[in-house]
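Visitor: Each chain, written out:
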Amino acid sequence: MMLFLQDAADAATEVAADTAVVSATAVDIANSTFAGNLYAYLIVSGALFLLGLAAILTRRNSLYVLMGVELILNSANLNFVAFARFGNYGLDGQVMALFVIVLAAAEAAIALAIVLRIFNDFGSIDITRTDSLRD
Amino acid sequence: MLDFMFIFFASLALLGGLLMAFHPNIVHSAFALVAALFGVAGLYWTLGADFLGATQVLLYVGGITVLLLFAVMLSTRDAARISIARYALMAPIVGLLGAFLVTTGKALVPIVRAAGGALGPTEPTTEKIGNLFMDPTAFMLPFEILAVLLLVVLVGAITLARRGEEDAA
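Note that the protein sequences, when read in sequence, are chains A and B. Residues are numbered in the working numbering as their position in the first sequence, beginning at 1, plus a constant of 18. Residues are numbered in the working numbering as their position in the second sequence, beginning at 1, plus a constant of 137.
In case anyone wonders, no lab produced these hints; they're calculated from the structure. Among the clues, some could well be false.
Partial list, derived from the structure: chain B residues whose beta carbon lies under 7 Å from chain A [unchecked claim]:
#	residue
1	L184
2	L206
3	A208
Please read these numbers as outputs of a predicted model, since none were measured by experiment. Glycine included, C-beta positions come from ideal geometry on N, C-alpha and C.
Next comes chain A alone, as it looks inside the complex (with noise of 0.2 Å):
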């Protein structure tokens, strides 16, 4: 008995230790300032992806589109760094960035061939004047 109320003792300490590792660590992020705080990096993340909204639903002009969905695309990679970095999860956020940039820039040239297209069966590439698919 004394023996199992040691180790539930001991079990204990080891968590709590665990617990005051895991919070040392996230106050150290917390009180440093910029490139060492997560929250730095959502910021402009977030930031970012309102521009590239802004962008999508302000303007009329289908390549302002685009834009914007590479600003947001930008953002998203910006998290999964961001997260990667300070969650120790190794490359694994850096190779989830690399494919999302590289269908980033398949969605770009087929995205940019499609408004050519566009423009030359209507004219214009004004997302509010292309309203049939077909002649």
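Using the hints provided, position chain B relative to the given structure of chain A.
Guide: Just chain B now, with coordinates in the frame of chain A:
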């Protein structure tokens, strides 16, 4: 030092994004997007992601924005009226700025490595990322699928952009 870099690149990204979203001239917007994407690349560097930042500069700043500018110039009727002379004047300034950035960047790399934010120093990532991409137990399958996807995109973009004679049919 790292904080200074963060503030510099973050404000570059945010100002570029602001200009991109709200500037009336689309060519200026595209150049503002270049600044924003370069700022994000700098933020990757402050996070210790050196290879990712270089890829961002090469692919986004170099590739996608050039593609965008081509689309702008091909698809705008009263073609934005870019004054070549003004941009030719800007070229040496941009070149000098680029040389300055490269030299300071070379000096900054060891500093960033040693500081590495609140989480300790970082190591070069290029070799590790290459090994992950070629490792069958890690990211080899997605990597190969991405290669096939790029081939499909290449063919698809050419087919879409070409003005075929069979359009009328």
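Visitor: Next step is simple, just say for each hint if it's right about the structure.
Guide: Here's how the hints hold up against the structure:
Taking 7 Å as the C-beta contact cut-off toward chain A, the hint placing L184 (chain B) at the interface holds, the least distance being around 5 Å. With 7 Å as the threshold, the beta carbon of L206 (chain B) stays out of range of chain A, its nearest partner Cβ sitting at about 10 Å, so the hint is violated. With a least beta-carbon distance of about 4 Å to chain A, the hint placing A208 (chain B) at the interface is held under the 7 Å criterion.
Checked against the numbered hints listed earlier, the structure breaks hint 2 alone; every other hint is satisfied.
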